[in-house]
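Sequence order for the protein chains is D and R.
With my numbering, you'll find the first sequence wraps up at 274, consecutive numbering, no jumps.
With my numbering, you'll find the second sequence wraps up at 274, consecutive numbering, no jumps.
One or more hints might be untrue.
What the hints assert, rightly or not - Cβ pair distances, simulated, as ranges:
| id | chain 1 | residue 1 | chain 2 | residue 2 | range |
| --- | --- | --- | --- | --- | --- |
| 1 | R | ALA26 | D | THR90 | 47 to 57 Å |
| 2 | R | SER243 | D | GLY3 | 30 to 40 Å |
| 3 | R | ALA231 | D | PRO54 | 21 to 31 Å |
| 4 | D | ALA26 | R | GLY248 | 50 to 60 Å |
| 5 | R | ASP240 | D | VAL12 | 23 to 33 Å |
| 6 | D | ASP240 | R | ARG269 | 28 to 38 Å |
| 7 | D | TYR146 | R | ALA179 | 20 to 30 Å |
| 8 | R | ALA220 | D | TYR146 | 20 to 30 Å |
| 9 | D | ASP240 | R | GLY55 | 19 to 29 Å |
| 10 | R | GLU232 | D | ASP166 | 24 to 34 Å |
| 11 | R | ALA266 | D | SER14 | 56 to 66 Å |
| 12 | D | ASP240 | R | ALA13 | 26 to 36 Å |
| 13 | D | ALA168 | R | ALA175 | 45 to 55 Å |
| 14 | D | ALA20 | R | ARG228 | 50 to 60 Å |
Don't read these hints as lab results, they were simulated from the structure.
Even glycine gets a Cβ: it sits at the ideal position worked out from N, Cα and C.
2 protein chains.
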Amino acid sequence: MTGGPDVVSAIVASARAAIAAAKGSARDVVAAGCAAPGPLDHETGVVHEAPNIPGLRDFPLAERLREALAIDAVYVDRDTAMAAVAEAVTGAARGVADFVYVTISTGLGGAIVSGGRMLRGVTNTAGEIGHWPVGLEGPRCGCGSYGCAESFAAGRNLAEAYGVPDAAQVYAAAAARDATAEWLVTRAERALANLAIGLVNVLNPSLIVVGGSIAEHEPARTLDAMRRGIAERAFAVPRDAVSVVPAGLGRDVGMLGAAIAARERASGRGEWFL
Amino acid sequence: MTGGPDVVSAIVASARAAIAAAKGSARDVVAAGCAAPGPLDHETGVVHEAPNIPGLRDFPLAERLREALAIDAVYVDRDTAMAAVAEAVTGAARGVADFVYVTISTGLGGAIVSGGRMLRGVTNTAGEIGHWPVGLEGPRCGCGSYGCAESFAAGRNLAEAYGVPDAAQVYAAAAARDATAEWLVTRAERALANLAIGLVNVLNPSLIVVGGSIAEHEPARTLDAMRRGIAERAFAVPRDAVSVVPAGLGRDVGMLGAAIAARERASGRGEWFL
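Based on the sequences and whatever the hints tell you, model everything.
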């Protein structure tokens, strides 16, 4: 897919199929939620940049979906923010007021909940934790910078650096003691450790919830690397207060979060948490 | 100074002198504020660790000062949190709901205000931005870790790396084209750029207020390095929303913040912001 219209067409087709499968019509739908890559503005529904989808820039996704689906209330939010909502309401972070959601997948992203509120920032783009630079040097990142946690540790970046289509092949090669793969995976572990230490020292959460396909398949080289980094290098008090746990929900976490967020925002309860 | 009792004695002597100079007595003092190095817990007044003061560990500073001064209400908070309060109430961040205060001095620290609230975390130690690792390798830091922004860019660390008592000498040597000094200062600039980019991408503030003696004396190699890093490498929307500005208050910012924080907390208004 390239560009906004393709994305809208695909979502509309999928939404219409879901409505048909439920034997309903668009008029039965009170609100719809849509998880999208960030940075974006969940209040205006505009996606600013999507490093992993070429051509999607400053695109009014919520508005276009409202028009195309003829549904009045379409709520867009960053996929990772939606995932954090789902984990908070029904997953690994139930009842937790200070946590960070991290996804290690094609990209590396997350969302920050502090004192029971989603940390949004002044233009609603806060939480892009994959783009905190954790190395003074490092490979070029999809965001245009370099040294980002994502540039070292995300699936797409690992696969590209090794020259294969899928990061699973890099982990497999590392397990088979290929030196280059092992070097890349070890470097990714160190980047994830830096990220985890930074989250603990700077945000002092009680929980870091780690999801995404890479984390799910390679916990020993992702979650464990983060735990070791925290144990060895974070300040003692926030170190002792934090746990790093796997996400409680599977790959549909963003979709589940979108449904919960749409319900909350449609009922006017959104701002307490979202 | 080493250890808590020395610190308490020095503060008590200074407080008694100030009370005497005002021709008052401890009974006239409704509340006192004390800015201390972190991590600490501003609610209990316990200083957990102070990397730059040997021997100060898990020390109940507020309680000891209450006893020694016979003042009922003594409020302790991290020096950088106090400084952020002062900058927010009467300095460079007046009326700003999303900002980060950064001090580049002996150490490197800060405080985060998001959505009009001080970001505290689950054990009140959030905001230790000097200890977000920004390099995969790097010199050992006073906190026990390595690669922290502080380990590259704080005054004590620069001076130690160059083998002189004062960071000013490192900057002077760099200006005189000494290769080692230039390498150290350039590396510090890169660490500060990483820190600034991370703050922008992760927290999306409208303002980064930079104080501390190094920032004050070397703005071209601190604030400008942060501005350049943000301009070249941060996401466009949060980049365009942020300004990096010098602190509005001078070296007494922590003391001023302590007075304001004590007044606010004594009046019960503390939690809205502090």
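Hint-by-hint comparison with the structure:
1. The given range of 47 to 57 Å is respected by R/ALA26 and D/THR90, whose C-beta atoms sit roughly 54 Å from each other.
2. In this structure the supplied range 30 to 40 Å holds for R/SER243 paired with D/GLY3, their Cβ-Cβ distance being about 33 Å.
3. Look at R/ALA231 against D/PRO54: about 24 Å separates their beta carbons, and that is inside 21 to 31 Å.
4. The given range of 50 to 60 Å is respected by D/ALA26 and R/GLY248, whose C-beta atoms sit roughly 54 Å from each other.
5. A hinted range of 23 to 33 Å holds for the C-beta pair R/ASP240 and D/VAL12, which are about 31 Å apart.
6. Range check, D/ASP240 to R/ARG269: Cβ separation about 31 Å, and the 28 to 38 Å hint holds.
7. For D/TYR146 and R/ALA179, the Cβ-Cβ distance of about 25 Å falls inside the hinted range of 20 to 30 Å, so the restraint holds.
8. The supplied range of 20 to 30 Å is met by R/ALA220 and D/TYR146, whose beta-carbon atoms lie about 23 Å from each other.
9. Checking the proposed 19 to 29 Å range against D/ASP240 and R/GLY55 shows it holds: the Cβ atoms sit about 21 Å from each other.
10. Taken as a hint, the range 24 to 34 Å holds for the pair R/GLU232 and D/ASP166, whose Cβ atoms sit roughly 32 Å apart.
11. At roughly 58 Å, the beta-carbon separation of R/ALA266 and D/SER14 lies within the given 56 to 66 Å, and the hint holds.
12. Checked against the hint of 26 to 36 Å, the pair D/ASP240 and R/ALA13 passes, with Cβ atoms roughly 35 Å apart.
13. Separated by about 51 Å at the C-beta atoms, D/ALA168 and R/ALA175 satisfy the suggested range of 45 to 55 Å.
14. Hint check: D/ALA20 to R/ARG228, Cβ distance near 53 Å, so the stated range 50 to 60 Å holds.
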